[in-house]
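J.: Residues per chain are reported as follows:
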Amino acid sequence: MTEPLIRAEGLTVAYGRAAPVLRHVNFTLNPGEIVTIVGPNGSGKSTLVRALLGMIKPASGTVTQARGLAIGYVPQKLHLDPNLPLTVARFLRLNRRLSDVQVTALLARTGVPELAQRELATLSGGQFQRVLLARALAGNPQILVLDEPTQGLDQPGTAAFYRLIEDVRREIGCAVLSVSHDLHVVMSASDRVICLNGHICCEGTPSVVSNAPEYRALFGLGTGGALALYQHHHDHGADHPEHTHEHSHEHSEACDHDH
Amino acid sequence: MIIDDFILRALIAGILVAVAAGPLGCFVVWRRMAYFGDATAHAAILGVALALAFDVSVFAGTLATALAMAVIVAALAGRGWAMDTTLGVLAHSALALGLVAVSFLPGVRVDLTAYLFGDILTVTTADLWVMAAGAGLVLGLLIWRWEGLLTTTISEDLALSLGMNPARERLILTLALAVTVAVGLKVVGALLIAAMLIVPPASARVFSRSPEVMAVASVILAVLAVIVGLVASLQLDTPTGPSIVTAAAAFFAGFLALGAVMRVVKAARTGRG
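Line by line, the protein sequences are chains F and S. The working numbering numbers the first residue of the first sequence as 1 and each following residue consecutively. The working numbering numbers the first residue of the second sequence as 1 and each following residue consecutively.
What the hints contain is simulated information worked out from the structure, not anything from laboratory work. Hints may contain errors.
What the hints assert, rightly or not - No more than 20 angstroms apart at the CA atoms, straight line, and that leaves these computed lysine to any residue pairs for SDA-like: (1) F:K57 <-> F:G16; (2) F:K77 <-> S:R168; (3) F:K57 <-> S:P166; (4) F:K77 <-> F:G125; (5) F:K57 <-> F:H24; (6) F:K77 <-> S:E156; (7) F:K77 <-> F:A160; (8) F:K77 <-> S:R32; (9) F:K57 <-> S:R31; (10) F:K57 <-> F:T28; (11) F:K77 <-> F:Q151; (12) S:K266 <-> F:A59; (13) F:K57 <-> S:A101; (14) F:K77 <-> F:G152; (15) F:K77 <-> F:T64; (16) F:K77 <-> S:R31; (17) F:K77 <-> S:P166; (18) F:K57 <-> S:E169; (19) F:K57 <-> S:G163; (20) S:K266 <-> F:R118; (21) S:K266 <-> F:Q151; (22) F:K57 <-> F:L98; (23) F:K57 <-> S:M164; (24) F:K77 <-> F:A116; (25) F:K57 <-> S:R32; (26) S:K266 <-> F:T122; (27) F:K57 <-> S:N165; (28) F:K57 <-> S:K266; (29) F:K77 <-> F:Q127; (30) F:K57 <-> F:P20.
Stated by the list, open to error - Far from chain F, some chain S residues (derived; all Cβ distances over 10 angstroms): (31) L11; (32) V29; (33) G140; (34) L141.
Model, not experiment: these values are computed from the prediction. Even for Gly, the Cβ is constructed at its ideal location relative to N, Cα and C.
Chain S extracted, bound-state conformation (with noise of 0.2 angstroms):
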């Protein structure tokens, strides 16, 4: 069988959006930023609203609008706010607000279901240029800053007495985050780009001994997700970001089913031993 294009296509992007999303999304458990993914992602329809209006492309929107949320929170975090209230006003008021300025914008009837579960199989070979790009730029970032960001997420005090900047280690972390959202923009949408953050990882986890492992084991994951996704979305004709996201969840309820299982066999051979 000949693979179509845009299915091989679609495959490239989603593989561009694991790569980003698998290590960053690893900062994102161990940090407890998850609703903070939440409010960059959901800034990012105010984004395509506001890229429509002015007739800039989306993907440059998007970015603005999602690194200006994350510089918000950023501050916000800084000064002690109960962060679990202030990011959920944020994310939601994001979100509205983005769907009500779509809504005004003239002579436009824009489908609205592409920005927020994407649109992965109308990904054009420019559009993944620029993605790869945009993920391109998170990897090295991470990779580059590695020691410093999983030191500052360890204890910020430990990475100050070594010397480090805990502040510019988060600003790192706040700007991957933007570019990532709008790298997934296209692939899973606005509402489960969070999904792509949190499920990989959090599935790695059942069996990762080194975060470097968890790291690597994310994206192997975000990965196999893709593909198991994009294909069932094909066979069942089912939205395919959705799809990815769903293969995720069963990945993950797989795992954690597994590692239930690995722990019960362990005490049972040490209980016998």
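For reference, chain F alone in the conformation it holds in the complex (with noise of 0.2 angstroms):
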């Protein structure tokens, strides 16, 4: 078995004195893995992929990441002012050395040749996706880390990203850790998703999900089969203490949502 890229044991992660947004997690990555995190809002999931990158410091546990990981980010939506004048092609060179040769290729690559000398502030939403995929590809990634990669597009859009995304990882073969705020939509390829809430409450395939009939039917061939839903009746309160996951559960510790 290969060493893993990051590994993170007892992981609980604060902000000041708040109480915990992350409580004893415990996760793996390994080379060329596809793994979703999908929670509702406030559940962790960005806290979790930046305590795995190493840019917030746990409270306690630890993450080790394999020695030289390479990562690609690609953080959530970038809030840019219009008064600052940045071409593509100059976002793609912060702090990186890039010939004009490197900056085509990195962008043919992500479907966007003909934005090279645009203004970054002046692209549509799935412009500027394609354009940080393309920066997070820059440094030949073993590990490409999306933070909810697709807000604000629509699902045409959404889908075309995460096809993207596959024919990337194919490409290159690094592993793929996506955060979705979408319950129903992760990625088909995934081979793990993890359903976090404060904890890792499941873990399981999107497979068996996403070929039932009545989801086909819903997303049909639209979206090319790279989306799936990931069914997931959250709604265990305090007057539904049995769960209904219709996806194999995979760890032996219980549930404990404390709503």
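These two chains come separately, so use the hints to put the complex back together.
T.: Written out as structure tokens, the structure is:
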């Protein structure tokens, strides 16, 4: 078995003195694996990603990255001031040396070769995400990290973007760790879907759900099979002690939701 | 015509302010820190009062209070306060407190307009050395940290993922702002320093295609405003600080109009072709 790219053990993260956002999370990402983290707003998805990338320090627990791990990070949509004149090419070159040929190749790879000299602030949401992806690919990453990459995109745009991620992954064989706030939309190629709500509730493959005919009918062929539905009845409140997850439960610890 | 020494000194002082305020002003514009600049500058008046009361140099007093204000504002910003309101309260309170403090000074009739609107024609050679050191420090910091400051401005997440420290970059901007306020006090005064930070970059934005071009163009436009404002104030016998800012504002209006015309021409051309 190869060494994992990132391993977290007993990870607990808190902001200031507030109650921890994440509690005792154990997580392993292996080379080439596609893992999607889903969870409602405020469930700690972004926090988990940030802790795994070393952007924030955990209150307790450890995060271990493979030595010399090359990470391609696609942040959530940037809020760029329109008064900042920044071409796409210059953005790709932030803290990085890239030749014109490399810039063109990266943008061609993500399907937007014509954008090199456009200003970042004038791009549409879909174009912007592709430019962010191009930047993430610049360092030949072993792992691509996407934090809600399709926020603000419509459904065809989302499907096209996920298809692109799958293509890129097939080509360079990197692991993909992505975050989705939409409990129903995850990459169908995901090896694992992790449901997070302050802790890992459950994880499993999305294929069981994506093959169900009623969901096929809903998304149909319009998405080219890039999207799958991940059904999750997240209504285990006080009066619903039993869980109704329609996917395999691969962990033994009980889901202790405290709402 | 032989240029009088005091005019030459005024010119150099103005250029020093332009050199620091141009690139720093770009970050003020990009990061929407205009009010932050105001608050820091207004705190300078309190610094003037304290400096005169304790008989230390006005530059040192101004630098100290501007720095204190900048640090307070930066600390509040990190706590998710509604910045607009907080900054408004701080900016105007600092100014009012400073004016009240000045009035308490025993036996001194302080010429407040000099500190509020600048008194560039009384700049001494000693002043120039201090200002040159300050402007050099600001410019050096910005050039040294340019890529990190730019990345942090674009996305703090991106900066963090690259192993940068956005908090440190913010601190550098805060420090640079305080020094620039101290440098600019004698040239345009506490009330108009923010104008030197914002107006030249806003003009440069119209035609700039990269952050670096915008920073350099801001310096050039600010220097031009200093020259035009200084000459005009000597010819028309108007206050120099406000004349410099008026010149900068006139450039801004000109570039805005030019930009609009260019857009129309471009649209007409593409429409035909």
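J.: For every hint, state whether the structure bears it out.
T.: The hints, checked one at a time:
1. F:K57 <-> F:G16: holds, 12 angstroms
2. F:K77 <-> S:R168: violated, 23 angstroms
3. F:K57 <-> S:P166: OK: F:K57 and S:P166 at ~15 angstroms, within 20 angstroms.
4. F:K77 <-> F:G125: holds, 8 angstroms
5. F:K57 <-> F:H24: holds, 14 angstroms
6. F:K77 <-> S:E156: The given pair, whose Cα atoms are some 12 angstroms apart, holds under the 20 angstroms limit.
7. F:K77 <-> F:A160: holds, 17 angstroms
8. F:K77 <-> S:R32: holds, 18 angstroms
9. F:K57 <-> S:R31: Not OK: F:K57 and S:R31 at ~26 angstroms, beyond 20 angstroms, violated.
10. F:K57 <-> F:T28: holds, 18 angstroms
11. F:K77 <-> F:Q151: Since the Cα atoms of F:K77 and F:Q151 sit roughly 7 angstroms apart, the hinted pair holds (cutoff 20 angstroms).
12. S:K266 <-> F:A59: violated, 56 angstroms
13. F:K57 <-> S:A101: violated, 45 angstroms
14. F:K77 <-> F:G152: holds, 9 angstroms
15. F:K77 <-> F:T64: Distance of about 27 angstroms is beyond 20 angstroms: violated.
16. F:K77 <-> S:R31: Holds, at about 16 angstroms.
17. F:K77 <-> S:P166: holds, 18 angstroms
18. F:K57 <-> S:E169: Holds. F:K57 to S:E169 sits at ~19 angstroms (cutoff 20 angstroms).
19. F:K57 <-> S:G163: Holds: F:K57 and S:G163 sit about 13 angstroms apart, inside 20 angstroms.
20. S:K266 <-> F:R118: holds, 16 angstroms
21. S:K266 <-> F:Q151: violated, 34 angstroms
22. F:K57 <-> F:L98: violated, 31 angstroms
23. F:K57 <-> S:M164: holds, 14 angstroms
24. F:K77 <-> F:A116: holds, 19 angstroms
25. F:K57 <-> S:R32: Between F:K57 and S:R32 the Cα gap is close to 28 angstroms, so the pair fails against 20 angstroms, i.e. violated.
26. S:K266 <-> F:T122: holds, 17 angstroms
27. F:K57 <-> S:N165: holds, 13 angstroms
28. F:K57 <-> S:K266: Not OK: F:K57 and S:K266 at ~51 angstroms, beyond 20 angstroms, violated.
29. F:K77 <-> F:Q127: holds, 11 angstroms
30. F:K57 <-> F:P20: holds, 12 angstroms
31. L11: holds, 29 angstroms
32. V29: violated, 5 angstroms
33. G140: holds, 20 angstroms
34. L141: holds, 18 angstroms
Checked against the numbered hints above, the structure breaks hints 2, 9, 12, 13, 15, 21, 22, 25, 28, 32 and satisfies the rest.
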